[in-house]
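So the sequences go chain by chain: G and W.
Sequential numbering from 1 applies to the first sequence in the numbering used here.
Sequential numbering from 1001 applies to the second sequence in the numbering used here.
Please keep in mind that the hints were generated in silico from the structure rather than gathered at the bench.
All figures in this text were calculated on a predicted structure; none of them were measured in a lab.
No residue lacks a Cβ here, since even glycine has one placed at the ideal position from N, Cα and C.
Treat the hints with care, since some could be wrong.
[To be verified] Some, not all, of what chain W presents toward chain G, calculated at C-beta under 7 Å:
{"#": "1", "residue": "1036"}
{"#": "2", "residue": "1040"}
{"#": "3", "residue": "1045"}
{"#": "4", "residue": "1047"}
{"#": "5", "residue": "1050"}
{"#": "6", "residue": "1067"}
{"#": "7", "residue": "1070"}
{"#": "8", "residue": "1077"}
{"#": "9", "residue": "1116"}
{"#": "10", "residue": "1118"}
{"#": "11", "residue": "1120"}
[What the hints assert, rightly or not] If you anchor each label on the Cβ, the simulated ranges turn out as follows:
{"#": "12", "chain 1": "W", "residue 1": "1119", "chain 2": "G", "residue 2": "95", "range": "39 to 47 Å"}
{"#": "13", "chain 1": "W", "residue 1": "1043", "chain 2": "G", "residue 2": "14", "range": "24 to 32 Å"}
{"#": "14", "chain 1": "W", "residue 1": "1119", "chain 2": "G", "residue 2": "109", "range": "32 to 40 Å"}
{"#": "15", "chain 1": "W", "residue 1": "1119", "chain 2": "G", "residue 2": "111", "range": "31 to 39 Å"}
{"#": "16", "chain 1": "W", "residue 1": "1094", "chain 2": "G", "residue 2": "114", "range": "16 to 24 Å"}
{"#": "17", "chain 1": "G", "residue 1": "112", "chain 2": "W", "residue 2": "1012", "range": "17 to 25 Å"}
{"#": "18", "chain 1": "W", "residue 1": "1014", "chain 2": "G", "residue 2": "2", "range": "15 to 23 Å"}
{"#": "19", "chain 1": "G", "residue 1": "103", "chain 2": "W", "residue 2": "1090", "range": "25 to 33 Å"}
{"#": "20", "chain 1": "W", "residue 1": "1016", "chain 2": "G", "residue 2": "119", "range": "41 to 49 Å"}
Protein chains: 2
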Amino acid sequence: MQGLHLTADLRGVDAALALMTDPDRLAQACRDAVRTSGLSGVAELMHRFGPADGQSGITGVVLLAESHLAVHTWPELGSVTLDVYVCNYGGDNSRKARQLLDTLITAFGPTEVSRQHLLRG
Amino acid sequence: MQGLHLTADLRGVDAALALMTDPDRLAQACRDAVRTSGLSGVAELMHRFGPADGQSGITGVVLLAESHLAVHTWPELGSVTLDVYVCNYGGDNSRKARQLLDTLITAFGPTEVSRQHLLRG
């Protein structure tokens, strides 16, 4: 179960962006990005930390056949954290993982991005 | 949204352990470990990759008020990967994150553990 875990911590994201506070919009963006990257979503869960007032942050995950995508939004800080973890059991999914992360970073349009990665397993 | 992301990749886990293949048992263990550590679960999702034959692996997440816990089991390899990510917005949750990870490692009883961590945000 060797794999690659990519993280990106974003700053300077527009808090008025629907992706920051609307779980349905965030879920759709995640689903689309997973599909475009060639990875396989198998289940998803989104949780909004407060009322639907356009100000509450969201934690969301998409479980992948290849491991998982996790997103946390902090509209009050203009921040987002992204995790893409793929195992490479049955094939090297590293390129797909990078594409998924890049697509979501672009969707949030941050002014700053801090990237890290771990080789796992 | 500065935080601490801990990972542990386990080998030599007994494939016959219920936690490896039973989503309900895994969910209960995760809930108990989260509560004992003093962190706050807000939602959870478990997905089994095949029939309930005691051989299919599971991907599970517990969304936390403080970020997330993720678990992937590979009974066919005797392997498990664990992620505990906590933000330290409103307080330092690092000690609680380590306790949560340690509790789950103990529950799986691996012969080998590879730990890594990232400072995020």
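Notebook entry, point to check: Hints broken by the structure, by number, lowest first?
Noted result: Of the numbered hints, 1, 2, 5, 12, 14, 15, 17 and 20 do not hold.
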